[in-house]
Amino acid sequence: MSWDHQKYIDFIKKEAPAADRSKLLQTISKPFVLKDPPKRGAPPKIFVTYYSMPDWLDIFSSPPKSLASPHVRLDSRLGKVPFSQMIGEYRHAAQQHLDKVTKLLELIETFPSGKVLLAEVGSTGTRPASCRTGITSGPCRAPTISTRTRYP
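Residue 152 is where the sequence shown ends in our numbering, and the numbering goes up by one at each step.
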């Protein structure tokens, strides 16, 4: 049952509890605060993010690229398991991702070159940088850092 992206959004709007709907339709984001920020008291400029629930369902409902893939299609479970369980699985996957990427950023920050790198990434002007999972071909779970700042 492969759905288009809009059907996942509609399904969540229909099935999710009213208090959770808007949060599930947005990406989950957590600020990463440098241990020694360039400006004390400045708001965080680096955020670790994870897919919105419609994106999560869409990405992990596509067929696996190979038979050896451990990838389980989520769309085959919609309507068969309680939606509250699907929400719990989504939040668990998101929290695992946020924790893993935060630990990696903390490790990067322990090196002098890493501190410089993160300070540079965090100096993106008015727009914050976002560390998110990138999907290019199949479920790739490598964190990427994206900013919308253009350099001259």
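Hints are supplied without guarantee of correctness; some may be wrong.
[Unchecked claim] Simulated DEER-style distance windows between Cβ atoms: (1) His5 - Lys100: 22 to 28 Å; (2) Asp36 - Glu15: 42 to 48 Å; (3) Lys103 - Val81: 26 to 32 Å; (4) Thr110 - Asp10: 41 to 47 Å.
Because the hints were derived from the structure by calculation, they are not lab data.
Each residue gets a CB set at the ideal place from its N, CA and C atoms; glycine is no exception.
Do the hints match the structure? See the list:
no. : hint                       : result
1   : His5 - Lys100: 22 to 28 Å  : holds (26 Å)
2   : Asp36 - Glu15: 42 to 48 Å  : holds (45 Å)
3   : Lys103 - Val81: 26 to 32 Å : holds (30 Å)
4   : Thr110 - Asp10: 41 to 47 Å : holds (45 Å)
Every hint, counting from the list given before, is met by this structure.
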